[in-house]
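Top to bottom, those sequences are chains A and B.
Counting in our numbering, the first sequence runs from 8 upward without gaps.
Counting in our numbering, the second sequence runs from 155 upward without gaps.
Some clues are possibly wrong.
As the list claims (entries may be wrong) - Pairs of lysine-lysine, DSSO-like flavour, derived with a Cα cap of 30 Å:
1) A:K253 - A:K184
2) A:K173 - B:K203
3) B:K228 - A:K184
4) A:K184 - B:K317
5) A:K173 - B:K228
6) A:K294 - B:K248
7) B:K298 - A:K284
8) B:K248 - A:K284
9) B:K318 - A:K173
10) A:K271 - B:K228
11) A:K271 - B:K214
12) A:K215 - A:K294
13) A:K253 - B:K322
14) A:K253 - B:K248
15) B:K300 - A:K271
16) A:K279 - B:K298
17) A:K173 - B:K322
Source of the hints: derived by calculation from the structure; they are not laboratory data.
What follows is the residue order along each chain.
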Amino acid sequence: MARSKNSKKEMRTTSRKRTAQRKGTKIADPSQLALTYSKYYEGKVQIIPKVPVTSLNDFSIWYTPGVAAVSLEVAKNPDLSFEYTNRWNMLCILTDGSRVLGLGDIGPEASLPVMEGKALIYKYLGGVDAVPVPVSAHGPEEMIRFATQIEPAFGAIHLEDIASPKCFQILDSLREKLTIPVWHDDQQGTAGVILAGLLNSLYLTERKLKDSRIVLLGAGAANIAAARLVISAGLPAGQLVLVDSKGILNPERQDMDQLMLQNKWKYELALKTNDEKLAGDLDVAVKGADALIAASKPGPDVIAPSTLKKMNKDSILFALSNPVPEIWPKDAREAGVRIVATGRSDFPNQVNNSLIFPSVIRGVLDVRSKAIPDEAIISAAQELADFSKRGHTLDDEHILPTMMDREIYPLVASAVGEKCIQLGIARKSMTQRQLRERARVVIEQSQKTIAKLQASKLIAPMSGVRLDAK
Amino acid sequence: MSKKSSIESTNESARRQKADEGRKKPGVIIREIKRGEEESAGELIGRLKRLNGEFDPLLKTSSNLEAEARSSIKSAMSNKDSVVLVAVQEEIDKVVGVVKADLIDRVFYEPRKEGAIVEFYILPEFRRGDLGNKLLASMVDALKAKGAVLITAEFPSQNEIAKKFYTKLGFRSLTNVYAKSY
């Protein structure tokens, strides 16, 4: 079988390694490169003007005295800040640095390189002007207060790398309070792309979401959000079973009262999932399950092949832990799993937030939305899934588009924008065609600007940097 | 550090219980505890104590919690001044809630007969119907039948859920217990 042979090869060598081997070059360590280049470029993003400045006289338009007239207009109607200023395209990347990557609570300053990276991806893939804002905040209330105070400057807020369970409280509270969209990538981003991958996996295996039995391993931010989203998308909650380090989540567990006080999101799921009232370990949970979505702890021995053999025929496994999935894809397939996805780019089926967050934010910004409801995230997931169905590759090893499929960004953005308009939470109305065109132009302009700056060497080429420079 | 809430019992609880009859959660009945249910009721008391432990380090549970909980239920069952009621899921005869109260003679005050609710626990999945109200109403009636005209309930000061529950039913804070460890 060509498929398994191919994937075995993929497992042995990453694509980067293969390219390097072909060229006969030595593989550079990304960590070393990041250290060298970050120091050389002194940061990854900057602010540049978007209005012409031909002489100092122009400042009387862009600044005082001219600007006062604009301020007076906005004072009459604060929503005009989305028309007269760049607020419509400004995103605050907000973090307290309490759960950065897999590194834990390393503090706001240490989170800055990551937030800058996110801002760079936003600018490149979504044309979004994202500002990294790591804050020294103690407890969720301080984060909530800060976000509320900074709302007037931004068109949307992106929460990043905030520890669970406080991230749930912060997101839920801000979604309720603010009149701009609030997005927590580790929850909605991951959940959105999981849903997209799941929809296509179910389609390929001729199943319907509403009739499926799905098990989630791990009950952190990603899986709690995924559970909430797949339920919103139509999976009856009782057909979902969550498993964490203490076993199957059910309402009789001894830690229920503790959860009620400390993690009400997990508590709620314990009450409404698992209709069969299963108790025990993962082996019990997966019996007769169609899909297993693991976002638990780095593998490769977190899920045993014997566990996977207990699942239904044509089973689906998302092993999303990084850097090492809960089980190697090869072993999962040997255990009979039909569709395997991971969080990594060097295996087939990467479940990658970057497929979704730049376009969701692009979409809500373009219509000046007041929120990102679950319906909009489901629209984004559906659009992402449909893209693969519409004449693009869709098979067991290609359940999702990749970041190389650039067309998906304006498509997903317009799907999100359209849903916000439908729900009556958009400040600006456009047709679907206008939405798509708008998103395409904004994203293209951003990429063209970056290309121009590189062509003119205002952004210096990386090849000019000595790798041994310290 | 724990608080006592109280209410003078009136016809209110009887009326409430009557109203509650109509919307009883199917399959769950409330009755006096029976022999053989000490174990399962004790397990729920154990859960209650662990929940209390979440509120204050001075309520950290002891290592022999389960055994103590069982024996406290047992001794209450043979004490005429104690009442233990259970909520039982009928079909499977499973104890899903428990409430325990003691009759106290308040020698310095009037009214003298106090029914003090000291344990009250319902399994999470049975909480959102009306079972809490019904279990309490049944206990109020049982205590009234034993002559109590003042009903009190004690719970950790930090337990906002309990505070809300009793306040809604007309209870108010009566005495405060302050604690300091040396």
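Hints, verified against the model:
As the CA atoms of K253 of chain A and K184 of chain A are separated by approximately 34 Å, the hinted pair breaks the 30 Å bound. A threshold of 30 Å between alpha carbons decides the hint, and for K173 of chain A with K203 of chain B the separation of about 26 Å falls inside it, so the pair holds. For the hint pairing K228 of chain B with K184 of chain A, the CA-to-CA distance comes to about 51 Å; that exceeds 30 Å, so the pair is violated. A distance of roughly 27 Å separates the Cα atoms of K184 of chain A and K317 of chain B; the hinted pair therefore holds under the 30 Å criterion.
Proposed proximity of K173 of chain A and K228 of chain B is contradicted: the alpha carbons are some 42 Å apart, above 30 Å. Between K294 of chain A and K248 of chain B, the direct Cα distance comes to roughly 26 Å. Compliance with the 30 Å bound is thereby established for this hinted pair. In summary, the hint linking K298 of chain B to K284 of chain A is not supported, as the alpha carbons are separated by about 38 Å, beyond the 30 Å threshold. Taking the CA atoms of K248 of chain B and K284 of chain A, the gap is near 15 Å; set against the 30 Å cutoff, the hint holds.
Between K318 of chain B and K173 of chain A the CA atoms are separated by roughly 24 Å; this keeps the pair inside 30 Å, and the hint holds. As the CA atoms of K271 of chain A and K228 of chain B are separated by approximately 34 Å, the hinted pair breaks the 30 Å bound. The hinted pair formed by K271 of chain A and K214 of chain B meets the criterion: a straight-line CA distance of about 22 Å does not exceed 30 Å. About 19 Å separates the Cα atoms of K215 of chain A and K294 of chain A, which keeps this hinted pair within 30 Å; it holds.
Simply put, K253 of chain A and K322 of chain B have alpha-carbon atoms about 36 Å apart, too far for the 30 Å limit, and the pair is violated. Among the hinted pairs, K253 of chain A with K248 of chain B is consistent with the structure: their alpha-carbon atoms are about 24 Å apart, no more than 30 Å. Under the criterion of a C-alpha separation no larger than 30 Å, the hint pairing K300 of chain B with K271 of chain A is inconsistent with the structure, at around 39 Å. A hinted pair counts as satisfied when its Cα atoms are at most 30 Å apart, and K279 of chain A with K298 of chain B does not qualify at roughly 37 Å.
For the suggested pair K173 of chain A and K322 of chain B, the alpha carbons sit about 29 Å apart, so the restraint of at most 30 Å is met.
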